[in-house]
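*Asks:* Throw the hints in and build the complete structure from the sequences for me.
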Amino acid sequence: GESDIKKAATVLARMGPREVVLTHKDGILVLAEGRFYEAPWRNKSLIGRSGRGDTCIASYITKRLTEPPEVAIIWSAATTSLKMEAEGPFLRSVDDVKEFIKKEYGAAGIV
1 GESDIKKAAT VLARMGPREV VLTHKDGILV LAEGRFYEAP WRNKSLIGRS
51 GRGDTCIASY ITKRLTEPPE VAIIWSAATT SLKMEAEGPF LRSVDDVKEF
101 IKKEYGAAGI V
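The opening position of the sequence shown corresponds to residue 1 in the working numbering, with each subsequent residue numbered one higher.
It should be emphasised that the hints constitute simulated quantities derived from the structure, not laboratory data. Beta carbons: idealized from backbone N, C-alpha and C, even for Gly. Do not take every clue at face value.
[Stated by the list, open to error] Here are the in silico distance ranges between beta carbons for each label pair:
#, residue 1, residue 2, range
1, Phe-36, Ala-58, 20 to 26 Å
2, Glu-87, Arg-35, 34 to 40 Å
3, Leu-65, Asp-96, 16 to 22 Å
4, Asp-96, Asp-4, 31 to 37 Å
[As the list claims (entries may be wrong)] Heads up, simulated BS3-like pairs for lysine-lysine below, C-alpha to C-alpha not over 25 Å straight-line:
#, residue 1, residue 2
5, Lys-25, Lys-44
6, Lys-102, Lys-25
7, Lys-102, Lys-44
8, Lys-103, Lys-44
*Replies:* As structure tokens, then:
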């Protein structure tokens, strides 16, 4: 394995995907269009950690269909952070995610 997450993403990108999304204990790393993007988790608890990866990739892909990587990664980090604060599936609204982005990510998270 590779302990350097950027090196790991680069190795995976060489295998052919146009984008690589990796999660780690502190947040998300995306390698897209030759650039790295990073966003931290901003959750207040870890009660709902189970399902974090599924929530992360699903929310990233959904937002990425219509937005660039720098927007999609913030959306995904916010959605996943909120998910980790409650057990079970993600049940928050789009407005909840938007409000969380404004509060926790500021101008970097404009969606």
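*Asks:* Evaluate each hint against the coordinates.
*Replies:* These are the hints, each one checked on the structure:
1. Phe-36 to Ala-58: 20 to 26 Å: Roughly 22 Å apart at Cβ, these two residues keep to the hinted range, so it holds.
2. Glu-87 to Arg-35: 34 to 40 Å: The hinted range 34 to 40 Å holds for Glu-87 and Arg-35, with Cβ atoms some 35 Å apart.
3. Leu-65 to Asp-96: 16 to 22 Å: Given a distance of about 20 Å, which is inside 16 to 22 Å, the answer is holds.
4. Asp-96 to Asp-4: 31 to 37 Å: Between Asp-96 and Asp-4, where Cβ atoms are some 34 Å apart, the hint holds.
5. Lys-25 to Lys-44: Roughly 14 Å separates the two Cα atoms, so the pair holds.
6. Lys-102 to Lys-25: Holds - the C-alpha atoms of Lys-25 and Lys-102 are around 22 Å apart, at most 25 Å.
7. Lys-102 to Lys-44: Holds, at roughly 16 Å.
8. Lys-103 to Lys-44: holds, 13 Å
The structure fails none of the hints (numbered hints given earlier).
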